[in-house]
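Q: Produce the complete structure using the sequences and hints provided.
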Amino acid sequence: MQLTRRASIAAAAALAASLTLAACGGGSPSSTGASSSAAADNHQPLTILIGTSGEAETAAVKSAVAAWSKQSGTPATVNVASDLNQQLSQGFSGGSPADLFYVTNDSVATYAGNGSLEPYVDQLKNKDSFYPSLVKAFTVNGKAYAAPKDFSTLELVINTDMWKAAGLGDADVPTTWDQFEAVAKKLTTPQHVGLAVSPQFERLGVFMAQAGGWLTDDAGKAAANSDANVKGLAYAKKLLADGVMKYSSQLGAGWGGEAFGTQKAAMTIEGNWISGAMGKDYKSVNYKVVKLPAGPKGEGTIQYDGGWGMAAQSKNKGGALDLVSYLTQPDQQMGFAKAFGVMPSVQSLADQWKTAFPAQTAFLEGAASSKSIPSVAGISDVIKDFDSQLDALPTTDPKTILDKVQTNLSGLAGLS
Amino acid sequence: MTTSVLKRPSAAEARPRRRGPGVRGRDGIAGWLFTAPVLIILGLFLVLPILMAAWVSVSSWNGLGSPFQDTVKFVGGDNYAALLAKPGLAQTDFGTSLRNNGWYVLLVVPIQTAVSLFLAILVNQRVLAARSAFRTAFYFPSVTSSVAITVIFLFLFSASGTVNAIVQWLGGSGVGWFADTRGVVQQALGAFGVHAPSGSGFLGLTWFDWISGPSPAMLVFVVMAIFTTSGTFMLIYLAALQQIARDIEEATIMDGANAWQRFRYVTLPMLRPTTFTVMTLGLIGTWQIFDQIYVGSKGGPAKTTLTPAFLSYSQSFINNAWGRGAAIAFILFAIIVVFTLVQRVLLAERGSARKAPRRRPGGRRAHG
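Those protein sequence lines, which keep their order, are chains A and B.
Here the first sequence stands for residues 7 to 422, numbered as in the numbering used here.
Here the second sequence stands for residues 230 to 597, numbered as in the numbering used here.
In case anyone wonders, no lab produced these hints; they're calculated from the structure.
Keep in mind the model is a prediction, meaning the values are calculated, not measured.
Quick reminder that beta carbons are idealized off the backbone N, C-alpha and C, glycines included.
There may be inaccurate statements among the hints.
Derived Cβ-Cβ restraints for the label pairs, each shown as a range [claimed, not checked]:
id: 1; chain 1: A; residue 1: P196; chain 2: B; residue 2: L335; range: 54 to 62 Å
id: 2; chain 1: A; residue 1: P51; chain 2: B; residue 2: I440; range: 39 to 47 Å
id: 3; chain 1: A; residue 1: D89; chain 2: B; residue 2: F384; range: 53 to 61 Å
id: 4; chain 1: A; residue 1: K405; chain 2: B; residue 2: P278; range: 22 to 30 Å
id: 5; chain 1: B; residue 1: S374; chain 2: A; residue 2: D89; range: 15 to 23 Å
id: 6; chain 1: A; residue 1: G175; chain 2: B; residue 2: S374; range: 38 to 46 Å
id: 7; chain 1: B; residue 1: L385; chain 2: A; residue 2: D89; range: 49 to 57 Å
id: 8; chain 1: B; residue 1: E479; chain 2: A; residue 2: D89; range: 57 to 65 Å
id: 9; chain 1: A; residue 1: P196; chain 2: B; residue 2: H424; range: 26 to 34 Å
id: 10; chain 1: B; residue 1: L575; chain 2: A; residue 2: G226; range: 50 to 58 Å
Below, in silico cross-link-like pairs of lysine-lysine (DSBU-like), each with a Cα-Cα straight-line distance of 35 Å or less [what the hints assert, rightly or not]:
id: 11; chain 1: A; residue 1: K294; chain 2: A; residue 2: K321
id: 12; chain 1: B; residue 1: K315; chain 2: A; residue 2: K170
id: 13; chain 1: A; residue 1: K294; chain 2: B; residue 2: K315
id: 14; chain 1: B; residue 1: K302; chain 2: A; residue 2: K237
A: Structure follows, in structure tokens:
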């Protein structure tokens, strides 16, 4: 009896093991087979995975893709991800990712690093029409992995009613740090604070850029604890200490835009997505967007870049390539801009965009002096850790924080 | 040996010799047939994934294609070393998550055990009116989805939520307290002028970081866990309480024990196996907290609600560091096993512990 039981267990285990091996064996050849026959068949259906900002964006992307589908004869489906990074990872590990998807410049290196992304940008006919800084933001180890689709910059958003109430005029728009501090002081009243920002590097970092610093130096090496960065962060700390700037979390707001929209702050530093929030949730607040002040080393801001990533495992790379060039052409991008307010990634549209959105020209003008987060794998963890330390900025020496960021940055391959 | 009973009636005929082993054999086949669905399901969905994860935790798999293809290399303990031995961000994050979850376990397990026992004793009273109504009410949070409860708590604790309204009405200091990233022990020490000293530590955190306590946001998760799980454990305790025969209670009353003595020296020792079950289930559940964090905070504010289970998920799915994510899961598994064993030793029935209840009430009677 003992023997039978053991034998049966062994048999069951063997059966299970062979089943698994069969399943795995079935998986890998099919995925390799797919990539070799990729360019051959341009009529395989495409799937597109997007992380959307709302219904307007979903509808605009869907109708653009449907138009291309009709024109090319290739079926294409747009899926909206509830958690883009997670769904992408599932697709890559399962061997059936979406053919095209949104990527951001801080996650492109993670996917490029493990071979999930196709470096297709060189094959695009319109590759020279993009802003060079955007293409650079998606370049990892010399290869451009994603065609830029749009970008955003951070600028200064001012509540015009509070501005007037504080006795300030058009000429008072700050252009230097000293002026900025002075207007923030004037705008601080018992009812509201002068400036509110989200407690994260991707807001306070503008001061580091204006002081001439950044996470990396010109050679692309980690340089978080440079004197310029210390200076930038020390300026932010001074604003906090003087009580003219507060974190949105201190005001009970989820982000700077909420603190601004609920009129707890007269100014905030946000990107062009704020126009959507203002139009939807805070219609009664009058505001305008101006450029951030220049620091000791001139103007500087942070830029976020969105692009189209293509899966290396895609079964129809030819079709996907065609779809990307269709979606990134100027009139499509202008359509997206009108539908959900993004800034187009092609240079030729700059003037047309400024005419269409005169209130937001500052955002586009910021592109000239803006910096992107370095595209190396693991950067988002370092930024997250930086953010968690910035909470303690009011009571911590900026150099201590930046030293720790430098240690973390140096641990990343490609920055040390 | 057992089949001899079966054999006997048919012993006179020629068949039994063939049939004897036949019955046994058929029994065996039937047994395997009946257990096969469970064995296959457990094997496919439990044992195999565990073995695969064990392989991933010592491999260089980066999330592209199958983890069993040729390009995936064996890297030994590298993934574990990054978490336990090598100073860096991965280690600090892991240390932070252990610190957060450690405090969570330390607070939730004893409190929820005590609360559930208290509730069970309450609803076990024969004199209590509307007993089943109370039982249902206490058990209700347990049958509600943890995601739904988390969302409700998000509303309650939002800047314009009920809790903040009450805090402000009582003259509290506004809404910043919930976003405070310092631990409550640290805040208390800060009130006495003690500030974070720098110095050596463990897993990338200074000793002060380890004792600084849970952040206010983590405390909310503690309250939520106690609120949601006490009902389940109350049910387990209630079942155990109803197993205790009434004569024992009557006997102790005859012996002159008062209510507290009856509870302390009779009921509680008799509930010892149940307490072990409740605390073990509590330990496992609390070390694995994930859904509330995923829905409620994603580890924020400033990583103070980061837990190993959530870190394992984010390392795997967001950073594509699958090996490290799997390694975290296995370390977590080891922690849970160690805690359970320690607790087993602590709660083990000792020979002397059994005598104590009888002696004390008896002694009391002699005095009175």
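Q: None of the hints should be skipped; say for each whether it holds.
A: Hints versus structure:
no.: 1; hint: A:P196 x B:L335: 54 to 62 Å; verdict: violated (42 Å)
no.: 2; hint: A:P51 x B:I440: 39 to 47 Å; verdict: violated (57 Å)
no.: 3; hint: A:D89 x B:F384: 53 to 61 Å; verdict: violated (22 Å)
no.: 4; hint: A:K405 x B:P278: 22 to 30 Å; verdict: violated (47 Å)
no.: 5; hint: B:S374 x A:D89: 15 to 23 Å; verdict: holds (18 Å)
no.: 6; hint: A:G175 x B:S374: 38 to 46 Å; verdict: violated (56 Å)
no.: 7; hint: B:L385 x A:D89: 49 to 57 Å; verdict: violated (25 Å)
no.: 8; hint: B:E479 x A:D89: 57 to 65 Å; verdict: holds (60 Å)
no.: 9; hint: A:P196 x B:H424: 26 to 34 Å; verdict: holds (30 Å)
no.: 10; hint: B:L575 x A:G226: 50 to 58 Å; verdict: holds (55 Å)
no.: 11; hint: A:K294 x A:K321; verdict: violated (47 Å)
no.: 12; hint: B:K315 x A:K170; verdict: violated (56 Å)
no.: 13; hint: A:K294 x B:K315; verdict: violated (49 Å)
no.: 14; hint: B:K302 x A:K237; verdict: violated (45 Å)
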